[in-house]
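Enquirer: Each chain, letter by letter, is given below.
Number of protein chains: 2
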Amino acid sequence: MRFSHADLKEYCRRVILAHGVYEEAAETVADMLLDAELTGVSSHGVSRLAIYMERVDKGLVSKDSCPRILRESPSAVVIDAANSLGAVGAKFAMETCIRKARETGCCFAAVNNSNHFGAAAYYTRMAARENMIGFCCTNLTAKIAPYGAAEPFMGTDPISVAVPSDDCPVVLDMTPSVVALGKLILAQKLGKEIPVGWALDQEGRPTTDPAAGRAGSLIPIGGPKGSGLALIVEVLCGILTGAGTATHLHDLYKFDAPQGVGHFLGAIDVSAFMDVEAFRAGVSAMRKEIKDLRRAEGFSEVLLPGERSARSAAGKAAEGIEVPELVCAELAALGKPFGLTLRT
Amino acid sequence: MRFSHADLKEYCRRVILAHGVYEEAAETVADMLLDAELTGVSSHGVSRLAIYMERVDKGLVSKDSCPRILRESPSAVVIDAANSLGAVGAKFAMETCIRKARETGCCFAAVNNSNHFGAAAYYTRMAARENMIGFCCTNLTAKIAPYGAAEPFMGTDPISVAVPSDDCPVVLDMTPSVVALGKLILAQKLGKEIPVGWALDQEGRPTTDPAAGRAGSLIPIGGPKGSGLALIVEVLCGILTGAGTATHLHDLYKFDAPQGVGHFLGAIDVSAFMDVEAFRAGVSAMRKEIKDLRRAEGFSEVLLPGERSARSAAGKAAEGIEVPELVCAELAALGKPFGLTLRT
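Those sequence lines, one after another, are chains A and B.
For the first sequence, position 14 matches number 617 in the numbering used here, and the numbering has no gaps at all.
For the second sequence, position 14 matches number 617 in the numbering used here, and the numbering has no gaps at all.
With the rest of the complex left out, here is chain A (with noise of 0.2 angstroms):
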């Protein structure tokens, strides 16, 4: 089914309300399912709602707490999140540093007591917009080997960055590992194996079976650099802001407690460096120079970073959102109860 974006994210918003959340913080997660949708990143879309609202049903994360700073300086802020869903502790800590860095020129959050917030560049680009170059990261439950191990101990952390310029801005949204979990879980579905690289399994060797993988570990990038990667997250998210590291917390598909998830985000301020038209200017240039260098053997096209995800915005905008008819009927079910009804 399709769906124009504002209606899509119209209903979310009343399901996420008739479910007893405050109206700003439904405000806010609705705007962040569907800024997934939009960017083509579905996987963190509206079919997390389901889960999300379980969740609150199930008194896991709250649905009346508003997050609250707990210590301030002129350039960094401690948030605690309050078990509130995901997306309104990141998207408050990401409104505290740019307001913030407007005075200073820069400024850093750590968030505890959160939950999973979505994609990561929904808080990145929000810098972005503000001529500032925006950071983020999460920790998640454990997922990842550290180079060397044969147990996972950091969680496929995203890292995201976005950069403002004249044309499309520059946002890196990326996981440490080599592939997302998801990938192992679609081809054990699929009965397929998968290429040597991606997981080891449980006594640390590489393994082509998608199980033994899911039950193993996956593998980081760049072997010991993503791996460090991964572990300076983990460092940002789970004891600078104290929420604890990966092994420590809680599943977002278990409901045996709140997920205690860290965030750390931050906001640079580019005219504290320079002219901001300048610098604008200045990343365009750059885009322009990449697009126009030789492409490998097998592309048509030399991609940046948040180039595919701004394009699918734009399409999506106008063509409306497809949503798959499991999603659809998982959305119905959320309204029905309370006599919403999904329209395309």
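Just so you know, these hints were derived from the structure itself, not from any lab.
Check before you lean on any hint, since a few could be wrong.
As the list makes no split between identical chains, a pair holds if one copy fits it or if it spans any two.
Stated by the list, open to error - Listed next, the in silico SDA-like pairs over lysine to any residue satisfying Cα-Cα at most 20 angstroms (straight line): (1) Lys894 with Thr744; (2) Lys891 with Gly751; (3) Lys666 with Gly845; (4) Lys786 with Arg651; (5) Lys939 with Met604; (6) Lys894 with Tyr625; (7) Lys894 with His851; (8) Lys661 with Leu855; (9) Lys894 with Glu806; (10) Lys894 with Pro755; (11) Lys786 with Ala818; (12) Lys786 with Pro809; (13) Lys894 with Thr850; (14) Lys894 with Gly751; (15) Lys891 with His851; (16) Lys891 with Thr850; (17) Lys891 with Pro755.
Take the given structure of chain A and dock chain B to it, following the hints.
Expert: Leaving out everything else, chain B in the frame of chain A:
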């Protein structure tokens, strides 16, 4: 030949002074080179003294100019390195960040008009010693092709992050390419093939020929992920500093112009976020958890970033630094015209 750390540093310092560089700069560069030797990164150690001095002698690096602050806000600073030896501007930048971060919680510095600064970890460890999380990157002449391109655009730009702890600090220092260019140079010298996945030839095809790889480009870790990371470093070091991105820089080993390199450094003060003792204990506890993980096939130990360097430094401080004959001859030649003698 084997030298004590103090003797070798003093010899380097005297050589730099003899070449007309001022006292404080000579001390900084000698300390940085010896730190690289101690931490086992001899590719960035005393073997670089000859090229540094050659550039000074040719007037391509200034022997007497001091870095100066061009623009300053509470948590951001822009520094003109004034074409001084790279370590001089980078050290000044990190000292400035540390001083300002103590007031505001964090500070970042954009440095332009600089030169090759050695190992990035030298600067991030300065922050870690002050109970701050240090961040440092620099750009270099273009060697890495963006994902999908057949020509280099980004340098093998190092990214370093250092984290204080109760025992060994966590120190990441990585380039976003699968291997450093040095590995291709070595393979070519030895007449060996390189594995697929290290480099592309000039047409952007995977190659096993080190010469073709050197003429082509290095492959980033994780495809679009490492490519994106390198691109962000180019934005920070090349655009936000005003220095220019990699393809606009000049090579350390060519004598056509000053290098014009940019650096981007920062310090995040742990005490702005939480109790420093608790943070340091938390990082050490994480280290212990990781050391206790089951090991992957073929590994006798799980090493954290920075652990090998710390062990090397402890060993070499006690037993001395071994320098290959060829490098000793180079070092001796640098001092000879000034009546300086290299002694073990």
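Enquirer: Measure nothing new, just compare the shortest in-copy and cross-copy C-alpha distances for Lys894 and His851 to 20 angstroms and report within, between, both or neither.
Expert: between (43 angstroms within a copy, 16 angstroms between copies)
Enquirer: Should Lys891 paired with Gly751 be assigned to within, between, both, or neither, using CA atoms and 20 angstroms as the limit?
Expert: For Lys891 and Gly751, the Cα distance is within 20 angstroms only across copies (15 angstroms; inside one copy 40 angstroms).
Enquirer: When no copy is specified for Lys661 and Leu855, does a C-alpha distance of 20 angstroms or less occur within a copy, between copies, both, or neither?
Expert: within (12 angstroms within a copy, 61 angstroms between copies)
Enquirer: Is it within a copy, between copies, both, or neither that the alpha carbon of Lys891 lies no farther than 20 angstroms from that of His851?
Expert: Classified as between; 14 angstroms across copies, 45 angstroms inside a copy.
Enquirer: Quick one: Lys786 to Arg651, C-alpha cut-off 20 angstroms, is that within a copy, between copies, both, or neither?
Expert: within (17 angstroms within a copy, 45 angstroms between copies)
Enquirer: Checking an output row: Lys939 and Met604, CA cutoff 20 angstroms. Within, between, both or neither?
Expert: within (18 angstroms within a copy, 80 angstroms between copies)
Enquirer: What label fits Lys891 with Thr850 when the C-alpha limit is 20 angstroms: within, between, both, or neither?
Expert: between (43 angstroms within a copy, 13 angstroms between copies)
Enquirer: Given a CA cutoff of 20 angstroms, do Lys894 and Thr850 count as a within-copy pair, a between-copy pair, both, or neither?
Expert: Between copies only: 14 angstroms across, 41 angstroms inside.
Enquirer: Cα distance capped at 20 angstroms. Does Lys894 pair with Tyr625 within a copy, between copies, both, or neither?
Expert: Neither: 45 angstroms inside a chain and 44 angstroms across chains, both beyond 20 angstroms.
Enquirer: State whether the alpha carbon distance between Lys891 and Pro755 is at most 20 angstroms within one copy, between copies, both, or neither.
Expert: between (40 angstroms within a copy, 15 angstroms between copies)
Enquirer: Indicate which option fits the pair Lys894, Gly751 if close means a Cα-Cα distance not exceeding 20 angstroms: within, between, both or neither.
Expert: between (38 angstroms within a copy, 10 angstroms between copies)
Enquirer: Give the relationship of Lys786 and Ala818 under a CA distance limit of 20 angstroms: within one copy only, between copies only, both, or neither.
Expert: For Lys786 and Ala818, the Cα distance is within 20 angstroms only inside one copy (14 angstroms; across copies 35 angstroms).
In this structure, the hints that do not hold are numbers 3, 6, in rising order.
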